[in-house]
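Chemist: Here are the chains, one letter per residue:
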Amino acid sequence: MMSGILGTMNSSSVKKVKPFMLVLLLACLFSGCAGKLAGPASPVFFPPPPDDPHIQFLTGISSSTDLAEKQSEMSRLLTGGSQTVIRIGKPYGVATHKGKVYICDIGAAQVVVVDFANKTMKNLNEEPGAAELKKPIGITVDEDGNVYVADNGRKDIAVYGPDGKYLRSMGRDLQHTSIIGVAAHKQYLMALDNRQGKIFVMDRKSGELLTTIGENVDRTKNMALPNGITVDSNGNIRVVNMGNGKVKEYDIDGHLLSEFGQLGDRPGEFTRPRGVAVDESGQIYVVDAGHQVVQVFNNERRILGYFGKPGLPAGSLNLPAGIAVTKDNLDLFQKMAAPGFKLEEVIFVVNQYASPINFSLAVYGLGEMEGKKGASKEQPAKKDGKTADKAAKGKP
Amino acid sequence: MKMLSFVSTALAGLALFCCNQALGASCVTTECHPGISALKYPHAPVKEGDCAPCHTQTVKEHPVKGGKSFQLAAKGGDLCKDCHDGIGKKKVVHAPVQEAECTGCHKPHGSNESFLLEVGEDRSQLCFSCHESAPFKAKFMHGPAAVGSCNACHDPHESAEKALLKGTVREVCLKCHADFDQAMKGAAVVHPPVRDDPCTACHDPHGSPVVMFLKNKMPDLCIGCHKGIGKTVANVKVPHKPVVSDGGCSNCHSAHYAKAKGLLASDQMGVCLGCHGRDDLGTPPLKNISKQLEGKKMLHGPIQKGDCKACHDPHGSDYFRLLRGSYPAPLYVPYKDGLYDACLKCHEKNLLRFAETTIYTKFRNGNRNLHYVHVVNRKGRTCRICHEPHASNGDKLISKEGTQFGDWKIPIGFATTETGGSCAPGCHRKFKYDRVKAEVYQ
Chain A
1 MMSGILGTMN
11 SSSVKKVKPF
21 MLVLLLACLF
31 SGCAGKLAGP
41 ASPVFFPPPP
51 DDPHIQFLTG
61 ISSSTDLAEK
71 QSEMSRLLTG
81 GSQTVIRIGK
91 PYGVATHKGK
101 VYICDIGAAQ
111 VVVVDFANKT
121 MKNLNEEPGA
131 AELKKPIGIT
141 VDEDGNVYVA
151 DNGRKDIAVY
161 GPDGKYLRSM
171 GRDLQHTSII
181 GVAAHKQYLM
191 ALDNRQGKIF
201 VMDRKSGELL
211 TTIGENVDRT
221 KNMALPNGIT
231 VDSNGNIRVV
241 NMGNGKVKEY
251 DIDGHLLSEF
261 GQLGDRPGEF
271 TRPRGVAVDE
281 SGQIYVVDAG
291 HQVVQVFNNE
301 RRILGYFGKP
311 GLPAGSLNLP
321 AGIAVTKDNL
331 DLFQKMAAPG
341 FKLEEVIFVV
351 NQYASPINFS
361 LAVYGLGEME
371 GKKGASKEQP
381 AKKDGKTADK
391 AAKGKP
Chain B
397 MKMLSFVSTA
407 LAGLALFCCN
417 QALGASCVTT
427 ECHPGISALK
437 YPHAPVKEGD
447 CAPCHTQTVK
457 EHPVKGGKSF
467 QLAAKGGDLC
477 KDCHDGIGKK
487 KVVHAPVQEA
497 ECTGCHKPHG
507 SNESFLLEVG
517 EDRSQLCFSC
527 HESAPFKAKF
537 MHGPAAVGSC
547 NACHDPHESA
557 EKALLKGTVR
567 EVCLKCHADF
577 DQAMKGAAVV
587 HPPVRDDPCT
597 ACHDPHGSPV
607 VMFLKNKMPD
617 LCIGCHKGIG
627 KTVANVKVPH
637 KPVVSDGGCS
647 NCHSAHYAKA
657 KGLLASDQMG
667 VCLGCHGRDD
677 LGTPPLKNIS
687 KQLEGKKMLH
697 GPIQKGDCKA
707 CHDPHGSDYF
717 RLLRGSYPAP
727 LYVPYKDGLY
737 DACLKCHEKN
747 LLRFAETTIY
757 TKFRNGNRNL
767 HYVHVVNRKG
777 RTCRICHEPH
787 ASNGDKLISK
797 EGTQFGDWKI
807 PIGFATTETG
817 GSCAPGCHRK
827 FKYDRVKAEV
837 YQ
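Just so you know, the protein sequences line up as chains A and B, in that order.
According to my numbering, the first sequence is numbered sequentially starting from 1.
According to my numbering, the second sequence is numbered sequentially starting from 397.
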């Protein structure tokens with residue numbers, strides 16, 4: 001295009017144009033592709049038109065370059081300094097707390113903390129020795145901001161303070177074989193052992209074992225290859241089971257309160273359920289790595305819909321694992337939503353494999369088009385709903 | 397020449413005018429047309445003795461036996477139009493006016509009643525000569541229709557409104573019912589059809605077999621719109637008595653406007669206690685709830701808010717005591733899922749599901765759920781054996797005075813400590829319980 005334009009000019013005009021072109025070129029190099037988070041060109045809605053949209057794919061992050069303002073090679077050359085790129089390798093568990101997203105990266109043996117508000121992405125802890133993770137799978141953050149990481153290589157739960165400083169190890173004295181998920185609620189910490197099919201309920205401060213769930217003499221009330229755990233704002237635990245395709249609800253005492261689902265390929269059924277999350281209205285999100293979708297159920301366990309099915313140019317999932325839901329930073333994410341699509345909450349889903357169209361961390365928004373009555377209103381909010389930004393995690 | 401012709405014509409006209417005056421005066425004498433002079437309200441030309449505008453002499457001789465020497469100046473309504481122009485141009489025109497049958501109602505020479513009518517204020521005879529009289533003989537009649545003042549609401553000639561009304565239905569009604577209009581404007585709650593619709597949505601403006609000339613009896617009239625309530629009342633085992641008694645809905649609700657939500661005459665609890673605050677309601681009499689509440693330290697949550705209908709359905713229910721959910725009528729019924737929904741739809745729904753718990757109740761010894769022990773095991777003691785549903789002087793709605801057990805009031809003897817409590821009722825010996833350090837019972 002430019003050579004075409006130059007080709008039509010005489011030599012004197014070329015002389016005049018050259019400095020202008022140089023300035024233009026430099027300006028391009030300095031500016032880079034400033035400022036915009038990665039996202040699809042046109043909105044990706046679930047369900048797709050002509051149905052009323054309820055969920056929109058907003059953006060995705062696979063490395064820090066997807067998040068921060070990109071700096072061009074030339075501007076870096078001129079301004080000096082280096083840029084450390086953090087790339088998410090093979091993520092699994094995810095949690096969100098006060099606007100930050102915590103991702104277990106099994107490949108890098110790290111927990112990556114993504115801060116959308118400040119456009120930063122860094123490792124939770126880089127101390128050597130006891131703080132080092134080996135195979136972090138599940139993660140949760142308690143109400144004080146302490147981070148609990150279920151590490152299947154360390155065979156314990158590594159606990160870090162709100163500042164990322166390593167505090168202690170938990171769960172080494174439990175009769176466990178494979179802790180792959182953790183969830184925190186008030187004074188409790190729940191740890192999921194997928195091989196034994198048990199949940200250990202501990203005092204999160206003392207580490208004292210309070211209850212072991214999954215030892216009922218009626219085996220139908222126990223778990224079958226549990227693969228993901230979360231706790232809702234009422235303190236009730238949801239655990240997904242690969243063995244029988246069920247999502248079971250237990251109270252802190254271990255009583256089975258409800259269950260739904262089965263193995264299968266119809267809506268509401270699962271093949272390889274993984275992460276699970278419950279929002280403050282009681283809506284349940286279940287990730288299925290087999291169908292590669294997230295299915296959404298209301299608080300009466302009826303299916304409302306699903307999102308992320310492969311085959312789309314953007315917004316599809318690629319071996320999804322953990323999921324977390326939050327209402328934090330809604331204003332920030334609202335800017336990424338399509339005009340008129342009012343967000344009510346944000347959903348983070350990790351994909352184990354990133355690709356040009358699949359991000360390690362995919363961000364979706366639940367909402368509805370203004371002026372339309374949508375699915376997000378299909379169920380009343382629980383009267384005592386509280387923030388439920390807990391995480392779902394499981395076995396890789 | 398032209399001037400001469402004009403003068404002669406003018407003189408001829410003057411002569412004719414003088415002659416006609418003389419004619420009018422001579423028409424109404426004691427011998428001729430005597431009835432006309434006796435009319436109390438003569439038609440204006442008659443009063444002035446001016447017969448010529450209407451009657452034109454065609455034969456010189458008058459009277460002619462067996463013949464006519466006068467004819468009308470024009471036919472039908474055209475005769476009246478010369479003076480009474482402009483009638484019948486509005487949207488709705490009374491049929492006789494449209495057909496120019498003025499004499500269908502009016503007497504052309506005059507009458508003993510005003511407006512050249514043969515009838516006075518009671519127009520019923522005149523109107524019923526064409527209109528069906530049956531609807532005006534209903535048991536309950538609207539005042540104007542009862543006394544034949546049809547013209548109070550209807551214009552006999554023409555109107556811009558349907559049914560020849562003198563204004564819109566609301567305007568016509570509120571012109572008389574001005575006191576109602578004023579009170580409605582100051583009311584906190586107005587029934588939407590009263591606020592927005594014509595009064596004729598509910599009332600027959602002439603009369604009906606139903607009191608207040610309603611279009612249908614209560615509660616059918618109300619149920620016509622409030623279908624959900626109608627369904628409840630029709631299908632429930634026990635409808636609330638006032639709904640199916642005389643007066644129906646109006647026993648509790650005002651049909652037009654009210655001070656309180658739900659078109660109630662006062663706040664919800666005030667309306668309920670209007671009946672349920674007496675000792676003589678029903679046979680045997682229902683409990684006097686006002687007495688139950690009076691001076692009590694602790695009121696059940698909904699009662700604190702004056703919300704009786706949080707637990708009871710004021711229209712009717714399938715459940716005991718018009719409750720909104722299932723609750724056993726007998727004193728002893730062991731818990732089953734769903735059986736105690738009336739209480740558990742607000743209170744912890746898992747309260748009675750598990751023998752051991754750390755979360756669903758504080759009434760436990762260690763983790764042993766003592767609610768479970770009382771309500772699920774063996775006999776199944778209903779909530780009301782220990783808890784008062786409305787008010788008590790003790791904590792947790794446990795009555796300090798004891799609970800009625802036939803003729804005896806069972807003392808409860810309940811006390812709490814920081815980590816538990818004790819109970820020394822008329823049911824068993826004193827037992828303590830402790831959530832942290834479980835008591836061991838011998």
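By construction, these hints were calculated from the structure, which means they are not laboratory data.
Don't take every hint at face value.
35 Å max Cα-Cα, derived DSBU-like pairs, lysine-lysine [stated by the list, open to error]:
no., chain 1, residue 1, chain 2, residue 2
1, A, 221, B, 693
2, A, 327, B, 741
3, A, 221, B, 792
4, A, 246, B, 758
5, B, 571, B, 477
6, B, 487, B, 464
7, B, 571, B, 633
8, A, 186, B, 693
9, B, 436, B, 571
10, A, 342, A, 186
11, A, 186, B, 828
12, A, 119, A, 186
13, B, 758, A, 205
14, A, 205, B, 828
15, B, 487, B, 461
16, B, 692, B, 826
17, B, 745, A, 221
Ranges between beta-carbon positions, derived for each pair [said to hold, decoys possible]:
no., chain 1, residue 1, chain 2, residue 2, range
18, A, 144, B, 686, 48 to 58 Å
19, B, 584, A, 144, 46 to 56 Å
20, A, 215, B, 833, 19 to 29 Å
21, A, 215, B, 689, 44 to 54 Å
22, B, 734, A, 330, 33 to 43 Å
23, B, 697, A, 115, 35 to 45 Å
24, A, 342, B, 563, 41 to 51 Å
25, B, 584, A, 216, 55 to 65 Å
26, B, 697, A, 144, 43 to 53 Å
27, B, 812, A, 178, 36 to 46 Å
28, B, 812, A, 370, 27 to 37 Å
Ideal Cβ positions, reconstructed from N, Cα and C, are used throughout, including at glycine.
Chemist: Take the hints in turn and mark each one as holding or not.
Modeler: For each hint, the structure was consulted:
1. 221/A / 693/B: Violated: residue 221/A and residue 693/B sit about 44 Å apart, past 35 Å.
2. 327/A / 741/B: Cα-Cα ~28 Å, so holds.
3. 221/A / 792/B: 34 Å, holds
4. 246/A / 758/B: 32 Å, holds
5. 571/B / 477/B: 31 Å, holds
6. 487/B / 464/B: 40 Å, violated
7. 571/B / 633/B: Roughly 45 Å between the alpha carbons, so the hint for residue 571/B and residue 633/B is violated.
8. 186/A / 693/B: Since the Cα atoms of residue 186/A and residue 693/B sit roughly 34 Å apart, the hinted pair holds (cutoff 35 Å).
9. 436/B / 571/B: 32 Å, holds
10. 342/A / 186/A: 31 Å, holds
11. 186/A / 828/B: At roughly 30 Å apart (the allowed maximum being 35 Å), residue 828/B and residue 186/A satisfy the hint.
12. 119/A / 186/A: 30 Å, holds
13. 758/B / 205/A: 23 Å, holds
14. 205/A / 828/B: Roughly 31 Å separates the two Cα atoms, so the pair holds.
15. 487/B / 461/B: Distance of about 47 Å is beyond 35 Å: violated.
16. 692/B / 826/B: OK: residue 692/B and residue 826/B at ~26 Å, within 35 Å.
17. 745/B / 221/A: Holds, because 19 Å separates the two Cα atoms, which is no more than 35 Å.
18. 144/A / 686/B: 48 to 58 Å: Between residue 144/A and residue 686/B, where Cβ atoms are some 51 Å apart, the hint holds.
19. 584/B / 144/A: 46 to 56 Å: 49 Å, holds
20. 215/A / 833/B: 19 to 29 Å: Check passed, 25 Å falls within 19 to 29 Å.
21. 215/A / 689/B: 44 to 54 Å: At roughly 49 Å between Cβ atoms, residue 689/B and residue 215/A fall inside 44 to 54 Å, so the hint holds.
22. 734/B / 330/A: 33 to 43 Å: Taking Cβ atoms as reference, residue 734/B and residue 330/A lie about 39 Å apart, which means the hint holds.
23. 697/B / 115/A: 35 to 45 Å: The hint (35 to 45 Å, Cβ to Cβ) holds, given that residue 697/B and residue 115/A are roughly 43 Å apart.
24. 342/A / 563/B: 41 to 51 Å: 47 Å, holds
25. 584/B / 216/A: 55 to 65 Å: 57 Å, holds
26. 697/B / 144/A: 43 to 53 Å: 33 Å, violated
27. 812/B / 178/A: 36 to 46 Å: Holds - the Cβ-Cβ distance for residue 812/B and residue 178/A, about 45 Å, lies within 36 to 46 Å.
28. 812/B / 370/A: 27 to 37 Å: 52 Å Cβ-Cβ, so the 27 to 37 Å window is violated.
Of the numbered hints listed earlier, those contradicted by the structure are 1, 6, 7, 15, 26, 28.
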